[in-house]
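Peer 1: What follows is the residue order along each chain.
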Amino acid sequence: MPFLLRVIRKARWLASPDIPWLARGSLQADAIVDLKTSDNELSVWHIENDKSNLDQVVTAVASKRDQPSNLDYALLDASFLSKLGVTLEEAKGDTPVDRANSDWHRNMVKLTARKLVEFAELVAHHAAKERISEKRIRSLIQTAITAGAVDCGKIKPSLLEKIIPP
Amino acid sequence: MIPTAGTADVIKDKSIYRVANTVYGIIPLALSTTPVNFIVGGNPAIGLSREAQVFVAGTSQPQQAICTLVAGHMENSFICFVDEETKPEITSPSADTTLLSPTGLSRQREIQSLIDAIFREAEEQDFDDGMESDFSRRLLAAIKKYGNQAMQEISYVIMYKKTSNEVASEALRWLGRIVDPQTCSWRLWLLEKSLSSDSPLLRDSAGLGLASMDNPHAIPVIRQAIAQEACDELRADLKMVLDDLEASQCHSS
Chain A
1 MPFLLRVIRK ARWLASPDIP WLARGSLQAD AIVDLKTSDN ELSVWHIEND
51 KSNLDQVVTA VASKRDQPSN LDYALLDASF LSKLGVTLEE AKGDTPVDRA
101 NSDWHRNMVK LTARKLVEFA ELVAHHAAKE RISEKRIRSL IQTAITAGAV
151 DCGKIKPSLL EKIIPP
Chain B
167 MIPTAGTADV IKDKSIYRVA NTVYGIIPLA LSTTPVNFIV GGNPAIGLSR
217 EAQVFVAGTS QPQQAICTLV AGHMENSFIC FVDEETKPEI TSPSADTTLL
267 SPTGLSRQRE IQSLIDAIFR EAEEQDFDDG MESDFSRRLL AAIKKYGNQA
317 MQEISYVIMY KKTSNEVASE ALRWLGRIVD PQTCSWRLWL LEKSLSSDSP
367 LLRDSAGLGL ASMDNPHAIP VIRQAIAQEA CDELRADLKM VLDDLEASQC
417 HSS
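Which chain is which? The protein sequence lines are A and B, in order.
21 is the number that the numbering used here gives to position 21 of the first sequence; each next residue is one higher, with no gaps.
Every number in the numbering used here is 166 more than the matching position in the second sequence, counting from 1.
No lab work stands behind these hints: they were computed from the structure.
Where hints are given, some of them may not hold.
Within a straight-line C-alpha distance of at most 25 Å, the following computed BS3-like cross-link-like pairs (lysine-lysine) qualify [said to hold, decoys possible]: (1) A:135 x B:405; (2) A:162 x B:311; (3) A:135 x B:311.
Now the stretches of chain A that chain B is said to cover, found in silico as 3 or more residues with beta-carbon under 8 Å [unchecked claim]: (4) 39 to 46; (5) 60 to 73; (6) 141 to 153.
Counterexamples of contact, computed for chain A against chain B with all Cβ distances above 12 Å [stated by the list, open to error]: (7) 28; (8) 87; (9) 156; (10) 158.
Every residue, glycine too, gets a C-beta built ideally from N, C-alpha and C.
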């Protein structure tokens, strides 16, 4: 089964007992900040079941930023989404990596507030939450540039000058 | 981190106590059993800046923290401890001309107002990793312009929890990214100190800031933080930071 990747900040998803005031099984309200919708849609990425496209998706997301930075993400088994009754639509992504834009970007559509909270709970309890270090992100973007997999014209100058110093 | 160099002046009962080298044990926790006013500044030409209440006996963490800050990382630093009744006198320029330059005081208060405003207005903003914001741009511009004087105020805001954890967290991430040798020591100190924050969000961001800074001096402190970290996820992430820093060190040596 493939996975869905959503970029998050891991610390917002820490639970009890790491957040002492939080009841067991609850999630921090700040976690919802990581699920910011637009037009009742939530942007996610399709990750193949063998995770063969994970590095390319991570590179795509990271190369859209202003600065090199760590990248935190949640990886959820896509089967959970059907249980939730949420529709997933293919939608062109907006990153400097064309392949990722065309093949792996999705939107969760027609989301209600209740569905969003239910999705948040799925992420909290069932998703793997991972971090790619800033150093690794730099390396991934450099490799992608060298391989011609990323459109340098779409990378912001502030990021590009940190990846390839003038 | 035990400070190994630096000087401090302690004003107590209208007298100035000049103190050299290690501040620990000299900043007299035993001098009084009541809270005292605490004023810390950088270069004497700057004048006095922040005031805070510290508790002299028992839990002295804030006091020790700032003492470390001053003694460890600032040249010509000074610390003033004053009793409640002494305070009005030392805030007048006639009390000590060396410590109380009116121009310097005015400038520091201007910076204080600026930093306070930057943090206050950030409460309304959303932050995403690696994305600049009005907050990050203004914060970095203030550091570039005012150097350690700005860092002094930023440290106060973060350490004394005068802003939300979310905003403090964002600040720590950006403090690691800025390229500014002048403030390097102070930024490093603040990030290291924040590794022992009671907020997991701040501890995480401190680790990320240190990773961005890529300064091997942080290695012993990160090792210590890993040993003390109770949260499994944060400990694993700090280990990743440590591995990266150690790899950088090997690569550069």
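Peer 1: Look at each hint and say if it fits the structure.
Peer 2: So, going through the hints one by one against the coordinates:
1. A:135 x B:405: holds (14 Å)
2. A:162 x B:311: holds (22 Å)
3. A:135 x B:311: violated (28 Å)
4. 39 to 46: violated (count 0)
5. 60 to 73: Since 9 is at least three, the answer is holds.
6. 141 to 153: violated (count 0)
7. 28: Violated: least Cβ distance 9 Å, not greater than 12 Å.
8. 87: holds (25 Å)
9. 156: It is violated; residue 156 of chain A is separated from chain B by about 9 Å at its closest Cβ, not greater than 12 Å.
10. 158: violated (7 Å)
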